[in-house]
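Participant: Residue-level listing of the chains:
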Amino acid sequence: LLQESGPGLVKPSETLSLTCSVSGDSMNNYYWSWIRQPPGKGLEWFGYIFYSGNTNYNPSLKSRITISVDTSKNQFSLKLSSVTAADTAVYYCARGGGYSYAFDSWGQGILVTVSS
Amino acid sequence: DIQMTQSPSTLSSSVGDRVTITCRASQSIYHWLAWYQQKPGKAPKLLIYKASSLENGVPSRFSGSGSGTEFTLTISSLQPDDFATYYCQQYNSYPRTFGQGTKVEIK
Numbered sequence: 457l458l459q460e461s462g463p464g465l466v467k468p469s470e471t472l473s474l475t476c477s478v479s480g481d482s483m484n485n486y487y488w489s490w491i492r493q494p495p496g497k498g499l500e501w502f503g504y505i506f507y508s509g510n511t512n513y514n515p516s517l518k519s520r521i522t523i524s525v526d527t528s529k530n531q532f533s534l535k536l537s538s539v540t541a542a543d544t545a546v547y548y549c550a551r552g553g554g555y556s557y558a559f560d561s562w563g564q565g566i567l568v569t570v571s572s
Numbered sequence: 002d003i004q005m006t007q008s009p010s011t012l013s014s015s016v017g018d019r020v021t022i023t024c025r026a027s028q029s030i031y032h033w034l035a036w037y038q039q040k041p042g043k044a045p046k047l048l049i050y051k052a053s054s055l056e057n058g059v060p061s062r063f064s065g066s067g068s069g070t071e072f073t074l075t076i077s078s079l080q081p082d083d084f085a086t087y088y089c090q091q092y093n094s095y096p097r098t099f100g101q102g103t104k105v106e107i108k
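So the sequence lines, in the order shown, correspond to chains A and B. Here the first sequence stands for residues 457 to 572, numbered as in my numbering. Here the second sequence stands for residues 2 to 108, numbered as in my numbering.
Source of the hints: derived by calculation from the structure; they are not laboratory data. Backbone N, C-alpha and C fix where the C-beta goes; we use that ideal spot for every residue, glycine too. Hints may contain errors.
Okay, the calculated beta carbon distance ranges per label pair [stated by the list, open to error]: (1) A:560 to B:19: 36 to 44 Å; (2) A:459 to B:16: 41 to 49 Å; (3) A:473 to B:17: 42 to 50 Å; (4) A:509 to B:13: 43 to 51 Å; (5) A:567 to B:80: 27 to 35 Å; (6) B:43 to A:508: 29 to 37 Å; (7) B:6 to A:571: 28 to 36 Å; (8) A:569 to B:104: 22 to 30 Å; (9) A:527 to B:94: 22 to 30 Å; (10) A:528 to B:73: 40 to 48 Å; (11) A:508 to B:16: 43 to 51 Å.
Listed below are the simulated BS3-like cross-link pairs for lysine-lysine, each with C-alpha atoms no more than 25 Å apart in a straight line [said to hold, decoys possible]: (12) A:529 to A:467; (13) A:535 to A:467; (14) A:467 to A:518; (15) A:529 to B:40; (16) A:497 to B:46; (17) B:104 to A:497; (18) B:104 to A:535; (19) A:535 to B:108; (20) A:535 to A:518; (21) B:108 to A:497; (22) B:51 to B:108; (23) A:529 to A:497.
Model the full structure from these sequences, guided by the hints.
Facilitator: Next comes the structure, spelled out in structure tokens:
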């Protein structure tokens, strides 16, 4: 079970920070991803972190993204800097995204609105 | 980036119909393709992985086929619970990319 948490409202130019808590399973040996969906639109993959800490980011967002993991807490996190209204979306955490892995488990999603 | 193009964008069908959705990749992705179902306000749910493998717990009326650049998702007999939006996604190359979605509506 995956569960996103974090603020639902972020001001323009600030940093969006979200955490995904993983329960009922170990984080070991899996890839963990962030994916977002603007209202009424399609899905965009941000990047993944392997349980060991290795990351792979979407080049279109790479300069603004940091994904980190804390396996002792069974959590991984997303930071997206310098947000604008275009970053308003439902943000999902998911298991998968690495080599030969589809996204087989998803959080329920959290709506983050960027507005002053 | 690999572009994923789904057709049609919207599909109107009746319960019991056989439904086929097509997904085309801008370059070969071999068999590294997944299909997801998304209902309003919910997270996507994995249906098919590796082009044709059925995820555990997914009804057998769902099937996937294809390789290279052309793939299909087939629902053999549409059920009321199947009205949703379907997405394909490639995981051959980075960044991972999704199709734009196909909405299956009630006719």
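Participant: State for each hint whether it applies.
Facilitator: To see whether the hints hold, each was checked on the structure:
Judged by the Cβ atoms, the range 36 to 44 Å given for residue 560 of chain A and residue 19 of chain B is violated: they are separated by roughly 27 Å. For residue 459 of chain A and residue 16 of chain B, the Cβ-Cβ distance of about 34 Å falls outside the hinted range of 41 to 49 Å, so the restraint is violated. Between residue 473 of chain A and residue 17 of chain B, the C-beta spacing of about 48 Å keeps the proposed range 42 to 50 Å intact. Residue 509 of chain A and residue 13 of chain B have their C-beta atoms about 47 Å apart, which keeps the hinted 43 to 51 Å range intact.
Between residue 567 of chain A and residue 80 of chain B the C-beta distance comes to about 29 Å, which sits within the given range of 27 to 35 Å. Distance hint for residue 43 of chain B and residue 508 of chain A: a CB-CB separation of about 31 Å, consistent with the stated range 29 to 37 Å. The hint said 28 to 36 Å for the Cβ distance between residue 6 of chain B and residue 571 of chain A, and at roughly 33 Å that hint holds. A C-beta distance of roughly 24 Å is found between residue 569 of chain A and residue 104 of chain B, which places it inside the suggested range of 22 to 30 Å.
Distance hint check: the CB atoms of residue 527 of chain A and residue 94 of chain B are about 28 Å apart, consistent with the given range 22 to 30 Å. As the Cβ distance of residue 528 of chain A to residue 73 of chain B is approximately 44 Å, the hint placing it in 40 to 48 Å holds. Checked against the hint of 43 to 51 Å, the C-beta distance between residue 508 of chain A and residue 16 of chain B comes to roughly 48 Å, which is consistent with it. As the CA atoms of residue 529 of chain A and residue 467 of chain A are separated by approximately 28 Å, the hinted pair breaks the 25 Å bound.
At most 25 Å may separate the alpha-carbon atoms for a hinted pair to count; residue 535 of chain A and residue 467 of chain A meet this at roughly 14 Å. As the CA atoms of residue 467 of chain A and residue 518 of chain A are separated by approximately 20 Å, the hinted pair is consistent with the 25 Å bound. Annotation: proposed proximity of residue 529 of chain A to residue 40 of chain B is violated, straight-line Cα distance about 31 Å (limit 25 Å). The suggested pairing of residue 497 of chain A with residue 46 of chain B holds, with an alpha-carbon distance near 17 Å, which does not exceed 25 Å.
Simply put, residue 104 of chain B and residue 497 of chain A have alpha-carbon atoms about 12 Å apart, close enough for the 25 Å limit, and the pair holds. This hinted pair does not check out: residue 104 of chain B and residue 535 of chain A have alpha carbons roughly 32 Å apart, beyond 25 Å. Restraint check: the Cα-Cα separation between residue 535 of chain A and residue 108 of chain B comes to about 43 Å, which exceeds 25 Å; the hinted pair is violated. Taken as a hint, the residue 535 of chain A and residue 518 of chain A pair is honoured in the structure, with Cα atoms around 11 Å apart against an allowance of 25 Å.
Between the alpha carbons of residue 108 of chain B and residue 497 of chain A the distance comes to roughly 23 Å, so the proposed pair stays at or under 25 Å and holds. About 31 Å separates the Cα atoms of residue 51 of chain B and residue 108 of chain B, which puts this hinted pair outside 25 Å; it is violated. Proximity of residue 529 of chain A to residue 497 of chain A is assessed by CA-CA distance (about 33 Å); at most 25 Å being required, the pair is judged violated.
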